[in-house]
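Novice: This is what each chain is made of:
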Amino acid sequence: MTEPVNIRSLAPGTRIVLEGGAVAEIVSNPADGVWVFARYLSSPDDPARVGSEEMIFAQDIVEIRESS
Amino acid sequence: MSSTRTDGYRPGLVDLKAGQISREIFVNDEIYQEELERLFARVWLFVGHESQIPNPGDFFVSGMGEESVILCRDRADKVHVFLNSCRHRGMKVCRYDDGNTPVFTCPYHGWSYGTDGKLVGVPYFREAYHEKLDKSQWGLVEVPQMSCYKGTVWACWDPAAPSFFEYLGDFVHYLDLTLDGWDGSEGGTEILGGIQKWRIPCNWKFPAENFCGDSYHNISHRSVDLAGIGPSGSGRRDMQERLMARRLQVSFYERGHQTGVYLFPSDRPTPPSYQHSPIVSEYFAYCEEERRRRRGEWARLIGSPGEIFPNTALHPRQPRTIAVWHPRGTHQTEVWRWYMVDKAAPSEVKDFLRDYYIRYSGPAGMTEQDDMENWNYAHAASRGTIARRYPYSYEQGLGYEIETYEAEGLRIPGTVMDITEAKSSEHNLRNLYRRWAEFMETESWDELATWRRAERAAAE
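Line by line, the protein sequences are chains E and F.
Sequential numbering from 10 applies to the first sequence in the working numbering.
Sequential numbering from 1227 applies to the second sequence in the working numbering.
Everything labelled a hint here was simulated from the structure, so no lab data went into it.
Be a bit skeptical, because a hint or two may be false.
To be verified - No more than 20 Å apart at the CA atoms, straight line, and that leaves these computed lysine to any residue pairs for SDA-like:
| # | chain 1 | residue 1 | chain 2 | residue 2 |
| --- | --- | --- | --- | --- |
| 1 | F | K1344 | E | S18 |
| 2 | F | K1318 | F | E1560 |
| 3 | F | K1318 | F | D1342 |
| 4 | F | K1243 | F | E1515 |
| 5 | F | K1569 | F | E1515 |
| 6 | F | K1361 | E | S52 |
| 7 | F | K1344 | E | A40 |
| 8 | F | K1318 | E | A40 |
| 9 | F | K1318 | E | G42 |
| 10 | F | K1569 | F | H1557 |
| 11 | F | K1358 | E | N38 |
| 12 | F | K1344 | E | M64 |
| 13 | F | K1376 | F | R1313 |
| 14 | F | K1358 | E | P39 |
| 15 | F | K1649 | F | Y1626 |
| 16 | F | K1361 | E | F46 |
| 17 | F | K1318 | F | K1344 |
| 18 | F | K1361 | F | F1390 |
| 19 | F | K1304 | F | F1390 |
| 20 | F | K1358 | E | R58 |
| 21 | F | K1423 | F | E1560 |
| 22 | F | K1344 | E | N38 |
| 23 | F | K1344 | E | F66 |
| 24 | F | K1344 | E | D55 |
| 25 | F | K1344 | F | R1313 |
| 26 | F | K1344 | E | F46 |
| 27 | F | K1576 | F | K1649 |
| 28 | F | K1576 | F | G1420 |
| 29 | F | K1344 | F | F1390 |
| 30 | F | K1318 | E | P39 |
| 31 | F | K1358 | E | F66 |
| 32 | F | K1318 | F | V1287 |
| 33 | F | K1243 | F | E1664 |
| 34 | F | K1358 | E | D55 |
| 35 | F | K1344 | E | E63 |
| 36 | F | K1376 | F | G1529 |
| 37 | F | K1361 | E | F66 |
| 38 | F | K1361 | E | E62 |
| 39 | F | K1361 | E | E63 |
All of these numbers come straight from a predicted model, not from anything done at the bench.
Pulled out of the complex, with its shape left as it was, chain E reads as follows (with noise of 0.2 Å):
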C-alpha cells in the first residue's frame, strides 16, 4: 500500500499517477483536500480519456510523477 499523497498542496502541471497507471496532469486545485482537476496523458485502461478533463479524486491518487 502507497503512502497517501497530501493534494492539497499540489501546484498546477503537477503530474499524478492514479489507480489503474493513468497519468494526468493537474490543471487547477480548489485545495479541498478532496478534488483535484487534471487532463488525461495516459490512461491504459480507457484510452478515450486522453486528452479530457476530469475531477480526480484524492483517493485515486497513488503518487506524484517527477517531472522529467
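For chain E, the structure is supplied; the task is to place chain F on it using the hints.
Specialist: Just chain F now, kept in the frame of chain E:
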C-alpha cells in the same frame, strides 16, 4: 398545546383590540417550532449584500431561519442562494464564513458542487455507482425565489410567495432610505468591513419588536445620552433636526412592515452634524443639499429604525445598518449586523463612521449593550409558570391611527401614528404581531396577500 395549532392566535394569544399579547408566543417551544414552518419557510429574508461577493466564485455563508445557506456568485456571474447541506448525508458543504472557491466539497464523503449548485464530483462514480447516479437530480437545494435590490440580496423558500417587490409594496420607498446614498443617489451604499455576529439569550421577537420603532425604551439609553457618544460629542446621534421634525410611526397592515420616520418642515435647512471632523461634516452638509435637490419633497423624510417583516431590521441613519434576528431556538437569537456606508464617501468619512458605528452598535456598542440587557432579562423573567399567565401590554396609541396622513402636501404611505406630541406609541409593534398572527393562522398566500383582493375588485 398541540404542535400543529393554527388557531387561537387572533384573538387569544394576540389580542390587538385589547392591546395585549401573551408571553407564550415568546417562550413556548411548540409555538417556536410552528414559527419555523409557518413563518420562516414562507417569508422573504435578507441574505446579504452583493458587495460581499463581487467576483465569480465568491461566497458568503448566511442564514434563513435556522437554515445555513450559501450566497455565491457562479462562474457566469450569476448570484445564487443554496441550502448549505450536502444532498448525500446532509453535512455542511461550506464551513467558512466567506471566501472564493471553484467548488463546494463535502468533507464527509466527498460529493462536490460547482458554484452554480450542480453536482460535479462524486467519488467512485464509475466504480460504485456504475455511472447510474443522475447527477442532474442531486445538485444543491436552491431557493425557489431570490431577488437583488440595490445591492441587497433577499430570498424566500416558498415558491407560492409573491415576488419580493409585491411583498414590499410601497414600503420599498422606506427601504430606500437605508439603501440609497446620503446624497439621494440610487443604491449608493456598500457594506463597511465585515459583519458582526453574536448571540443573545432571548426570543428573536424581542429585538424584532424593539426595532419596529419602540420609541418608549429610550430611558434605558439615558446613560449613553449623558456620556455623549454622538459624532459631535453630544447625545447618541447628530440629529438636531429631530427637534424641528414631526415624528411618525408608519405601519403597513397588509404586509407587516413598519418604520419610524422624521418629517422635516419644507422650509428649514438641516442643522450641521459630525462637527468633530471638518471633512465628515462638510461631506454630510454636501450630501444633505444634494439629497434635497434629487429627491424633492420626499427628501423631507429621514428614516429611523424599522423592520421588514419579520426579522430584518433597518437603521437608516446614524449608524446606518441592517440587522437580522436569526432564530436559534425559543430562547436564543443570533444577531447579524451589516454596517453600510456611501460607496462614494472619502476614506476619511468611512473611517470616522466605522469608529462611530462600532461605538454605537454591535455586541460592544454602547446602545446595543443596553438593549441586550433588557431583552435578556425580560425573556428570562417571562418563562416561569406564573409569569406566563400575565400578558404584555401594547395599548399605547390604540385608536389614534391615521389612515391617510398628509403634511404640507406630502402624502406618507402607510398607516401613520403621529407621536410628535404623544412622545410614544406601540402602533408599529402591534403591526408586527398582527402580521405574525396572520401567518401563524393562515394556510395559503392567497389568503395572506390580502391586497390582491382590493386589486381584483378594482379590476372587476
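Novice: Now look at each hint and say whether the structure bears it out.
Specialist: Quick rundown of the hints versus the structure:
1. F:K1344 to E:S18: Violated, because 25 Å separates the two Cα atoms, which is more than 20 Å.
2. F:K1318 to F:E1560: OK: F:K1318 and F:E1560 at ~19 Å, within 20 Å.
3. F:K1318 to F:D1342: Distance of about 16 Å is within 20 Å: holds.
4. F:K1243 to F:E1515: violated, 44 Å
5. F:K1569 to F:E1515: holds, 18 Å
6. F:K1361 to E:S52: violated, 24 Å
7. F:K1344 to E:A40: holds, 19 Å
8. F:K1318 to E:A40: Holds, at about 17 Å.
9. F:K1318 to E:G42: Cα-Cα ~16 Å, so holds.
10. F:K1569 to F:H1557: At roughly 37 Å apart (the allowed maximum being 20 Å), F:H1557 and F:K1569 break the hint.
11. F:K1358 to E:N38: Between F:K1358 and E:N38 the Cα gap is close to 27 Å, so the pair fails against 20 Å, i.e. violated.
12. F:K1344 to E:M64: Holds, at about 14 Å.
13. F:K1376 to F:R1313: It is violated: about 32 Å lies between the C-alpha atoms, which goes past 20 Å.
14. F:K1358 to E:P39: Given pair F:K1358, E:P39 is violated - Cα atoms ~26 Å apart, limit 20 Å.
15. F:K1649 to F:Y1626: Holds. F:K1649 to F:Y1626 sits at ~13 Å (cutoff 20 Å).
16. F:K1361 to E:F46: Judged against 20 Å, a Cα distance of about 18 Å means the pair holds.
17. F:K1318 to F:K1344: Distance ~16 Å between F:K1318 and F:K1344 Cα, so the pair holds.
18. F:K1361 to F:F1390: Violated, because 31 Å separates the two Cα atoms, which is more than 20 Å.
19. F:K1304 to F:F1390: Status holds; Cα separation ~18 Å.
20. F:K1358 to E:R58: Holds, at roughly 19 Å.
21. F:K1423 to F:E1560: Given that 20 Å is the threshold and the Cα spacing comes to 7 Å, the pair holds.
22. F:K1344 to E:N38: Satisfied, since the Cα-Cα distance of roughly 18 Å is no more than 20 Å.
23. F:K1344 to E:F66: The hint holds at about 17 Å.
24. F:K1344 to E:D55: Violated: F:K1344 and E:D55 sit about 26 Å apart, past 20 Å.
25. F:K1344 to F:R1313: holds, 11 Å
26. F:K1344 to E:F46: holds, 16 Å
27. F:K1576 to F:K1649: Roughly 33 Å separates the two Cα atoms, so the pair is violated.
28. F:K1576 to F:G1420: holds, 13 Å
29. F:K1344 to F:F1390: violated, 25 Å
30. F:K1318 to E:P39: holds, 17 Å
31. F:K1358 to E:F66: holds, 18 Å
32. F:K1318 to F:V1287: holds, 11 Å
33. F:K1243 to F:E1664: Roughly 15 Å separates the two Cα atoms, so the pair holds.
34. F:K1358 to E:D55: holds, 18 Å
35. F:K1344 to E:E63: holds, 15 Å
36. F:K1376 to F:G1529: holds, 17 Å
37. F:K1361 to E:F66: Holds, at roughly 16 Å.
38. F:K1361 to E:E62: Given pair F:K1361, E:E62 holds - Cα atoms ~18 Å apart, limit 20 Å.
39. F:K1361 to E:E63: holds, 15 Å
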